[in-house]
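> As given, the protein sequences belong to chains A and B, one line each in that order.
My numbering numbers the first residue of the first sequence as 1064 and each following residue consecutively.
My numbering numbers the first residue of the second sequence as 1064 and each following residue consecutively.
None of these hints come from the bench; they were simulated from the model.
Since the structure is predicted, the reported quantities are computational estimates derived from the model, not experimental observations.
Be a bit skeptical, because a hint or two may be false.
Below, in silico cross-link-like pairs of lysine-lysine (DSS-like), each with a Cα-Cα straight-line distance of 25 Å or less [to be verified]:
| hint | chain 1 | residue 1 | chain 2 | residue 2 |
| --- | --- | --- | --- | --- |
| 1 | B | Lys1496 | B | Lys1516 |
| 2 | A | Lys1120 | B | Lys1120 |
| 3 | A | Lys1407 | B | Lys1496 |
| 4 | B | Lys1323 | A | Lys1164 |
| 5 | A | Lys1407 | B | Lys1516 |
Just a sample of chain B residues kept apart from chain A, beta carbon distances all over 10 Å, derived [what the hints assert, rightly or not]:
| hint | residue |
| --- | --- |
| 6 | Cys1100 |
| 7 | Lys1395 |
| 8 | Phe1483 |
Beta carbons are placed, not taken as given, at the ideal position from N, Cα and C, and that holds for glycine.
Protein chains: 2
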Amino acid sequence: MAKELKDLTKRADNYSQWFNDLVVKADLAEQSAVRGCMVIKPYGYAIWEKMQQQLDKMFKETGAQNAYFPLLIPKSFLSREAEHVEGFAKECAVVTHYRLKASDNGVVVDPAAKLEEELIVRPTSETIIWNTYKNWIHSWRDLPLMCNQWCNVMRWEMRTRPFLRTSEFLWQEGHTAHATREEAEEEAQKMLKVYAKFAEEWMAVPVVQGVKSETERFAGALDTYTIEAMMQDGKALQSGTSHFLGQNFAKAFEVQYLNKENKPEYVWATSWGVSTRLIGALIMTHSDDNGLVLPPRLAPIQVVIIPIATKPEQMEQVNKEIQPVIDELRSKGITVKFDDADNKRPGFKFADYELKGVPVRLVIGARDLENGTIEVMRRDTLEKETRPFASIAQYVEQLLDDIQQNIFKKAKDYRDAHIFECDNYEEFKERVKDGGFFLCHWDGTAETEAQIKEETQATIRCVPFGVEQTPGVDMVSGKPSKARVIIARSY
Amino acid sequence: MAKELKDLTKRADNYSQWFNDLVVKADLAEQSAVRGCMVIKPYGYAIWEKMQQQLDKMFKETGAQNAYFPLLIPKSFLSREAEHVEGFAKECAVVTHYRLKASDNGVVVDPAAKLEEELIVRPTSETIIWNTYKNWIHSWRDLPLMCNQWCNVMRWEMRTRPFLRTSEFLWQEGHTAHATREEAEEEAQKMLKVYAKFAEEWMAVPVVQGVKSETERFAGALDTYTIEAMMQDGKALQSGTSHFLGQNFAKAFEVQYLNKENKPEYVWATSWGVSTRLIGALIMTHSDDNGLVLPPRLAPIQVVIIPIATKPEQMEQVNKEIQPVIDELRSKGITVKFDDADNKRPGFKFADYELKGVPVRLVIGARDLENGTIEVMRRDTLEKETRPFASIAQYVEQLLDDIQQNIFKKAKDYRDAHIFECDNYEEFKERVKDGGFFLCHWDGTAETEAQIKEETQATIRCVPFGVEQTPGVDMVSGKPSKARVIIARSY
């Protein structure tokens, strides 16, 4: 086994350390010299590109268009919506000067180049975008207006972890404007469904869709919808959110439109976003003690082919025979890496591609040529088998589909086996330590919510959609409850 | 004619104002509330996305991989390379604090949250990237290393213009590391050729390739290669640069590798970038007094189809007949917009799509149906013709190619007609006011270069490649000159 793998912590020993190790050893990302900011390495970035490509397509199918708004936001803009600034003030990176100058102590900030008004590195862009929409929206004919931007944002976090919580992260933020409340609510829910579809069909990550409690809402929203995924340690990871913003930002930035009766009305808004955090969800849902397990639909390399031969003439023969297979796989739109590098042993390559989560590995040697066979290994189960060489491309195409389905099923089975109804707070306190989603009755008060968080470090993840609800009794306060919510520890 | 067009300044009246008008009226971009930062609107951003898509493919074909490095750079990093910091110090946006707080005067910067070391919003990323490469490069086996990132950068500019010079802009920056000087020089020149190919074949913008004078070099480079395009007013627009950085950044960040003899050596570097400035080049090269003229290969909408009919049953018939044409065009990979909106008059639509630079317009009415014809207009020449309906998709496909070639030829003819050899400084001073590229002998000194700039506002754009050079006499100083350089006023 390659030496890189020796040091990969086992999940059972320390799940958190396993994740940190894996991010670095699989060449996904690393800490940078700037506190809390990561460098996304080419292999990690290639996953992000695949995610972007698919999401972008799905957004455009809903009618959204991409645009770009400024990185820096005047401090006064942020302050216009009271809850919004309260939510983000504590994590704002602030630009105060616009020039450096030489001095006896080396290069210093030029005190003469102080900005009149400080600028905030965007933590999210509702304010600058609604200040722009003011000029774009005049009549009902201008609505709906649906823009998305792919960009970087900055939230100064005290404790950071690669992909899960970083001071700078990459994301997309959609911002839409509508004529009616109903339309905006519908849009917010539609985009949640887009996220859920992407998570389940592309990332193979099953998610619970639901609505956040008031405490957990986005700062400035009337409702926040969420998709919550369960990691292998039973903790929740909020993986995407879609917000119904009501008329809050329209009022803060005076965005009115003339309706069909020619009367001015405030516009209704939504915003929605997913970030590089999705890569964290991907890693923690599927990967194992040997390394990454990537869903075929998002794997930068879907199939690796490794030729084995001791004599040069054998190698030449293998390379010649395998070429049509490579061509056939590529013609099916499958990404193939043919690794015939002679400065690494096969054993090293095997371990390395396992670590990197390449879904299918093909190995072909001189003996295989004689027998008309080829060795196939699937990364999700690590099962090896010998297949007829002649029909291998077709087999691999099907296998990639099978792996995609299989890892989704595996994750879903795990998730479903770790959702518990619980009506006893003492029992809850004990069991929540081991992870899992707990369906519990809640009286709807922020007090009870705060008590649970204080005493168990677990939070209300959402009121789940699609669950049959009957009234009951709050397990903490004993007060009446209308519905069960999902409570869990989370990242 | 639509009312928007009435206000579009004519090029002959005020070229600069024409450009500013066009950017806004064609819905490409607008000034934001943040000084010098623009909002790129969906139509403008769609052009950028097409550019990105093609460039990204071309970069990957050279072996470069995408990655992402932090937005914020510690001030001390910037200072490590002396020329680099000198070049960028005057335009740095500086983050000094990481929190806001509530006060009696509203939300203010929290003085307790002052950073120990100031962070600079990246004006370019050589320093943070070479600080990272230090950990990635150990042996000759790790080379070459070729990363690119698509991102935003910030250079605090005092005078800004949309696309041409903005405080924040979007770009890509490639950063490569090599074992030898030769390899790095070759990479820098190779990427210049990629940019030239993209400019000419995709943007239809002819460019002069060359090398910058020492004064005009990138801060920290040993050589800067450039592509220079000529706008319709005869001014130059630097459209892309590729830098041979020598070992400057490797030495500043202590990046050494063990060569095949196991001896440590400093790594050789390049960096190369193009930005949203390319959109400025695109607009100013091809567009006319009616609006944008976009090259078909980068146009967000390549063909617009407008049905005309007075009676609903005619409209229904037209829509039915045209559908197979739309399908056929789309199956050829052509982007088609079918505009049957009934709340705008055809005349308004015609003017609007002209303004937006849609390369081909098809108009079909009830009379055409009877005659088996369709009206075709090409945006570059504004020529209209009536074509047989039956073979229209094939005709349009060819026409798009023709337009692409024609606007390139037109731009090249203009450019070539405005390149002049000039050996007399008095004559130069007079003629340079009217624009054009002047091929002049230069003695190679910064003094002469400064004098020309001071007295004529023209600068040495480059020593052009591919021009037969014979020694001569500097037109200003009378000293010997090895070669002619291109001197021009520029954006």
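> Indicate, hint by hint, whether the structure satisfies it.
Now the hints, each set against the structure:
1. B:Lys1496 - B:Lys1516: 13 Å, holds
2. A:Lys1120 - B:Lys1120: Holds, at roughly 18 Å.
3. A:Lys1407 - B:Lys1496: Distance of about 63 Å is beyond 25 Å: violated.
4. B:Lys1323 - A:Lys1164: It is violated: about 43 Å lies between the C-alpha atoms, which goes past 25 Å.
5. A:Lys1407 - B:Lys1516: 57 Å, violated
6. Cys1100: 4 Å, violated
7. Lys1395: Holds: least Cβ distance 20 Å, greater than 10 Å.
8. Phe1483: Holds: least Cβ distance 39 Å, greater than 10 Å.
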